[in-house]
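> The residues making up each chain are set out below.
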Amino acid sequence: MSTAIDQQIETFQNQFKRIKDEVSKVIVGYEDIIDGVIMSLLAHGHVLLEGVPGLGKTKLVSTLSNVMHLKFSRIQFTPDLMPADITGTNVVQEGKHGEKLLQFQPGPIFANIVLADEVNRATPKTQSALLEAMEETTVSVGKRTFRLEEPFFVLATQNPLEQEGTYPLPEAQLDRFFMKLKVDYPTVDSLHTIMNRTTRVEEPQVNRIVDGAEILEMRKTIRAVPIARPVQDYAVRLMLATHPRPPHANATTMRYVRCGASPRGAQALVIGGKIRALLQNRVHVSCEDIRAVTYGALRHRVLLNFEGEAERLDTDTILKSILESTPEPK
Amino acid sequence: MSDKELIIKSLQKVERRMRTNRLLREVAFGLCISLLIPVLFKVWDIFRPFGGRTVAIVLVLWVIGVAAYVGWKMSQKATLLEAAAAIDTRASLRDEIKSAYWFVTAANTPQRSTEWVELQVRRAARRASQLNIEQLYPRTIPRNSYFAAGLALLLIALNFAPFSQNHNWVLLQAAPAFSLTPLELKLINETKKLLKEAQKLDQPELVKQLEEIVENLQAGNIDPAEALKQLDDLRNQLAEGNLDMANINEGLDEMAKDLSGAPETKDVSEAMAEHDLKSTAEELKKLAEEAMDAKDARGMKALQDALNQAAESAKPGMQNLSKDMKAAADSLANQDSKAFQDAMKQAANDVQSLQQKMADQQAKNAASQDIQNLADSLRQRQQEQQAKAAQNAGQQGAAQQAQQGNQQGKEGQPNPDGQGDPNSGAQSGSARNDSSGGSQEGQQGQPGKAGDQAQAGAAGSGQNPSGAPQAPMNIMGAPTKLNVKLEQEKLAGENDGGTPQNLEEASKQERSKLDYRNIPSQLSPAQKDVLNQDKIPWEYKSLIKNYFQAIRPPRGK
Numbered sequence: 001m002s003t004a005i006d007q008q009i010e011t012f013q014n015q016f017k018r019i020k021d022e023v024s025k026v027i028v029g030y031e032d033i034i035d036g037v038i039m040s041l042l043a044h045g046h047v048l049l050e051g052v053p054g055l056g057k058t059k060l061v062s063t064l065s066n067v068m069h070l071k072f073s074r075i076q077f078t079p080d081l082m083p084a085d086i087t088g089t090n091v092v093q094e095g096k097h098g099e100k101l102l103q104f105q106p107g108p109i110f111a112n113i114v115l116a117d118e119v120n121r122a123t124p125k126t127q128s129a130l131l132e133a134m135e136e137t138t139v140s141v142g143k144r145t146f147r148l149e150e151p152f153f154v155l156a157t158q159n160p161l162e163q164e165g166t167y168p169l170p171e172a173q174l175d176r177f178f179m180k181l182k183v184d185y186p187t188v189d190s191l192h193t194i195m196n197r198t199t200r201v202e203e204p205q206v207n208r209i210v211d212g213a214e215i216l217e218m219r220k221t222i223r224a225v226p227i228a229r230p231v232q233d234y235a236v237r238l239m240l241a242t243h244p245r246p247p248h249a250n251a252t253t254m255r256y257v258r259c260g261a262s263p264r265g266a267q268a269l270v271i272g273g274k275i276r277a278l279l280q281n282r283v284h285v286s287c288e289d290i291r292a293v294t295y296g297a298l299r300h301r302v303l304l305n306f307e308g309e310a311e312r313l314d315t316d317t318i319l320k321s322i323l324e325s326t327p328e329p330k
Numbered sequence: 331m332s333d334k335e336l337i338i339k340s341l342q343k344v345e346r347r348m349r350t351n352r353l354l355r356e357v358a359f360g361l362c363i364s365l366l367i368p369v370l371f372k373v374w375d376i377f378r379p380f381g382g383r384t385v386a387i388v389l390v391l392w393v394i395g396v397a398a399y400v401g402w403k404m405s406q407k408a409t410l411l412e413a414a415a416a417i418d419t420r421a422s423l424r425d426e427i428k429s430a431y432w433f434v435t436a437a438n439t440p441q442r443s444t445e446w447v448e449l450q451v452r453r454a455a456r457r458a459s460q461l462n463i464e465q466l467y468p469r470t471i472p473r474n475s476y477f478a479a480g481l482a483l484l485l486i487a488l489n490f491a492p493f494s495q496n497h498n499w500v501l502l503q504a505a506p507a508f509s510l511t512p513l514e515l516k517l518i519n520e521t522k523k524l525l526k527e528a529q530k531l532d533q534p535e536l537v538k539q540l541e542e543i544v545e546n547l548q549a550g551n552i553d554p555a556e557a558l559k560q561l562d563d564l565r566n567q568l569a570e571g572n573l574d575m576a577n578i579n580e581g582l583d584e585m586a587k588d589l590s591g592a593p594e595t596k597d598v599s600e601a602m603a604e605h606d607l608k609s610t611a612e613e614l615k616k617l618a619e620e621a622m623d624a625k626d627a628r629g630m631k632a633l634q635d636a637l638n639q640a641a642e643s644a645k646p647g648m649q650n651l652s653k654d655m656k657a658a659a660d661s662l663a664n665q666d667s668k669a670f671q672d673a674m675k676q677a678a679n680d681v682q683s684l685q686q687k688m689a690d691q692q693a694k695n696a697a698s699q700d701i702q703n704l705a706d707s708l709r710q711r712q713q714e715q716q717a718k719a720a721q722n723a724g725q726q727g728a729a730q731q732a733q734q735g736n737q738q739g740k741e742g743q744p745n746p747d748g749q750g751d752p753n754s755g756a757q758s759g760s761a762r763n764d765s766s767g768g769s770q771e772g773q774q775g776q777p778g779k780a781g782d783q784a785q786a787g788a789a790g791s792g793q794n795p796s797g798a799p800q801a802p803m804n805i806m807g808a809p810t811k812l813n814v815k816l817e818q819e820k821l822a823g824e825n826d827g828g829t830p831q832n833l834e835e836a837s838k839q840e841r842s843k844l845d846y847r848n849i850p851s852q853l854s855p856a857q858k859d860v861l862n863q864d865k866i867p868w869e870y871k872s873l874i875k876n877y878f879q880a881i882r883p884p885r886g887k
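So the sequence lines, in the order shown, correspond to chains A and B.
Under the numbering used here, think of the first position of the first sequence as 1, with each following residue one higher.
Under the numbering used here, think of the first position of the second sequence as 331, with each following residue one higher.
In case anyone wonders, no lab produced these hints; they're calculated from the structure.
Derived lysine-lysine pairs resembling DSSO-like cross-links, with alpha carbons at most 27 Å apart:
#1 Lys343(B) with Lys330(A)
#2 Lys330(A) with Lys407(B)
#3 Lys330(A) with Lys403(B)
#4 Lys330(A) with Lys339(B)
#5 Lys526(B) with Lys559(B)
#6 Lys334(B) with Lys330(A)
Work out the full structure, taking the sequences as your base and the hints as a guide.
Now the structure itself:
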């Protein structure tokens, strides 16, 4: 019995490592980002990557899709992009006998891995076209609803600097993302490696090593990891502490936060904790696992109030204070 | 042993070790803090000794407090879940034991029976069995315990410190309830010594009584007032059967004068005049041997008359001597030399006896004076304490009433014609009355000033002897205080139901608790000696004798 589970865990670890190694052939210096993206994929979630242009966000996503035997599509979000450009639309086609027929032409959303590049450049109306697909893995066009093929994974990128002509993602949209990862500048050593790899004749090539079925199997493995109530209670208290209401909120939260994380935040903490536990060859989740995924899982779910915005406060600062003020279960 | 049992057993072991270490640590810390109390109390005791009862109460309360603290700490037990959390943290197990313990103990858990949970519990049990409790939670002696031991040793050392007022609590010693001053102790010792001499006067119980009074006073069985009363009784007992020394001295003088009429008794007369009874006895013995030798009839008659006159001059206390003189005179009249010798020898013995009695009486007088001095000292201390207490109470009362007077005086002040509320004026006056101790009437409409006017009344302005004007001078002295305390009187009465009930109230006869009969003497013991004794001071003795001899009328006139 335990042998089978041990085998399952070992397989999970190996596949995770292989994916990461393949991606790392192309993407250098972003270990945590790669881990976060893969974890989000395995957690049946989606990822929002935030960073200035040129840091390899799009490259990361395309590389990840190349590693997997999965259908990949890329949508460049622009202000004039329409929802139908994403979901697809019914187009008039001529039948065999010359009759006119309305036939659904699937949009780029019908893929396993969707790159929503610069997602904040599209209007909220267009952004909202992703909501149903991200949460329910379905697309409704007209009177018909189409189920998307699993695994379905959206990677959105946004640029935090250029705010002109952009539309900040609505709270409901943000909440759909399992993690929000901040892509920062690479270190000097990483830059040297990037130079060495990208300025030569031959570019690094990646191999397709996993397919959709294996991804789904890995997802099952994650969900099987048990979590004890005290640890789960810690995740719940962390989530509740993001709300500016007593008794869980601390002074910082009460002062600067307008709205806290939804239950999806606590789900993200638990699922992320389980993945981390598996990666460390454990079959139980610890509070340390929960803490490790707190920033990625909650930073986009905490909304600052006017005072917080005025002081240009970072949500990571809020989360840091919450982690410091929330005791582990005794 | 199942995985569950293994985990629980390990956690119980961890919990016991944690509890032991915590208990040692907290008890040591508690002892450190709590031992400061007896140490500071002991230091205080060195400078101001406490009575045995106070020491016992404080130490018993301290012991009870420490025992309660230890009991409270011992009753605090950590749960196994807390122990699991602690061991996870200590051994960096990342909540493995805690999760496993929750899975094996929590009921109605949907995940309990899954293979994953079983695997997790199995792994945790294996980990728990490998834990080295001795290494994770070693038995350590808390650092505070050294400090506590040091304080305990300090406490013991303080008991043995060679200070004059230190009492060793370890040897169950404490300061007496009432401490006597060195002067008072000296007086008691002198009194005992004198009273032991007075034992010859068939009053051996006096020493014992004095010792009992002192012991009871020091033990707190009686208060100083009761001790004073008992000392007065003791003095009264000592005064019983006193010799009238002045009368005897007067009798000796008269007897000496009478005996000087005969040449044979001139030496006896001189010795007796000087109240030198030892020499008088010797001279009487000589007279017994020589008086009958070759005396003519005229000389015999003069001696007989002198003896008869001396016998008649005897005062109370000298009856035996008077009889002897009379017997000697009679034997001379009868020409009975043997009887004369016997009578004179008996007279010599009686003089010696009188000398002994007078010496004893002087010892009794000195003892009585010492007891009086002791009583005066105690009374003075008692009155000083009462005055101090009354002064404190008076100051508090004056401050409160002056404050009230100020408030009410301020309320009356806005009246422009100066005639304020009579009540507020009266209140103002009462505040001044209390602060000054005298009786002044307040002025209406004036705000109260706490004690200001009382001070002005006590220190008046006048002229000094040189006539310098405007010079402030205290011509009235300090105001007299009468700290009258009416005595509580028990009255037999009945309540509404007719049941006998004793009532206590202040005496309607207004009998003061202050005993005016025992006004403390302002005289020093030396001054009292001079006043209480008839003896002429030694340095003036020859001067006075010469003076009286000079003005003495010549013999025969």
